[in-house]
Amino acid sequence: MATSSPIIIYFIALFITSFITSTILAISVPPELTDNLRTDPGAIKLASIDYGHIIKEKPFAVLYPSSVDDIRTLIYLSYNSLFSYTIAAKGQAHSTWGQAQANDGVVVQMNSLNRFRNGTGILISGDRSSGFYADVGGEQLWIDVLNATLTRGLSPVSWTDYLYLTVGGTLSNAGISGHTYRKGPQITNVLELDVLTGTYYNRD
Numbered sequence: 001m002a003t004s005s006p007i008i009i010y011f012i013a014l015f016i017t018s019f020i021t022s023t024i025l026a027i028s029v030p031p032e033l034t035d036n037l038r039t040d041p042g043a044i045k046l047a048s049i050d051y052g053h054i055i056k057e058k059p060f061a062v063l064y065p066s067s068v069d070d071i072r073t074l075i076y077l078s079y080n081s082l083f084s085y086t087i088a089a090k091g092q093a094h095s096t097w098g099q100a101q102a103n104d105g106v107v108v109q110m111n112s113l114n115r116f117r118n119g120t121g122i123l124i125s126g127d128r129s130s131g132f133y134a135d136v137g138g139e140q141l142w143i144d145v146l147n148a149t150l151t152r153g154l155s156p157v158s159w160t161d162y163l164y165l166t167v168g169g170t171l172s173n174a175g176i177s178g179h180t181y182r183k184g185p186q187i188t189n190v191l192e193l194d195v196l197t198g199t200y201y202n203r204d
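8 is the number that the UniProt record's numbering gives to position 8 of the sequence shown; each next residue is one higher, with no gaps.
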């Protein structure tokens with residue numbers, strides 16, 4: 001009596017799942033995202049490897065967003081799709097254990113937003129009586145935040161020892177460093193965060 005190999009069945013199921021996810025994504029992508037999605041081998045390879053080369057997860061595509069709405073649209077499509085797909089944000093690629101990877105999903109290359117911010121990625125506001133604060137995009141580097149605050153005679157309350165990391169990347173891991181014992185981790189010094197969910201789709 002012939003028996004089916006569980007390994008073969010597993011790979012067939014994996015292939016079918018991957019094919020369905022890729023097909024759904026390809027069909028559902030609206031025109032405004034098409035030009036910003038890359039599926040070429042070079043982009044896929046860079047998004048497949050984590051820091052330390054320990055985990056390798058191959059995404060179906062990489063999104064190079066031109067606005068926050070691009071990311072919101074992508075999340076909305078996954079959230080409302082029959083077969084949702086994983087979405088992962090990638091900044092300077094210092095995350096480990098696959099945090100910035102999305103197997104058969106979409107990796108969002110966050111630093112792509114820098115090309116479209118027109119100088120609005122870091123805004124310093126406030127005064128000495130009420131206090132100062134910085135409105136910063138998650139794709140911005142801490143070194144740039146520091147330089148922007150120094151022009152006003154200020155500096156971040158808490159920052160990482162290595163400054164060539166994205167704001168969103170360190171906040172997703174609390175932002176612990178040598179300064180933590182004085183002012184706490186970076187996340188405790190954040191007044192508010194804008195969080196994108198899949199329940200809202202802003203389409204003009």
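Mixed in with the good hints there might be a few duds.
[Claimed, not checked] Label pairs and their calculated CB-CB ranges:
hint	residue 1	residue 2	range
1	G178	S67	34 to 40 Å
2	T151	T197	33 to 39 Å
3	V190	S129	17 to 23 Å
4	F83	L154	45 to 51 Å
5	N114	V157	22 to 28 Å
6	F83	R117	32 to 38 Å
7	G52	S130	40 to 46 Å
Worth flagging that the hints you see were computed from the coordinates, not collected in a lab. Small disclaimer: the values here were computed from a predicted structure and weren't measured. Glycine included, C-beta positions come from ideal geometry on N, C-alpha and C.
Hint by hint, here is what the structure shows:
1. Against the hinted window of 34 to 40 Å, the Cβ-Cβ separation of G178 and S67 comes to about 35 Å, which satisfies the hint.
2. Remark: the range hint 33 to 39 Å for T151 to T197 is upheld by a beta-carbon distance near 35 Å.
3. Between V190 and S129 the CB atoms are about 22 Å apart, so this pair conforms to the stated range of 17 to 23 Å.
4. Distance hint check: the CB atoms of F83 and L154 are about 48 Å apart, consistent with the given range 45 to 51 Å.
5. Checked against the given bound of 22 to 28 Å, the beta carbons of N114 and V157, roughly 24 Å apart, stay inside it.
6. For the pair F83 and R117, the supplied restraint of 32 to 38 Å holds, since their beta-carbon distance comes to about 33 Å.
7. The given range of 40 to 46 Å is respected by G52 and S130, whose C-beta atoms sit roughly 44 Å from each other.
Violated hints: none; the structure is consistent with every hint.
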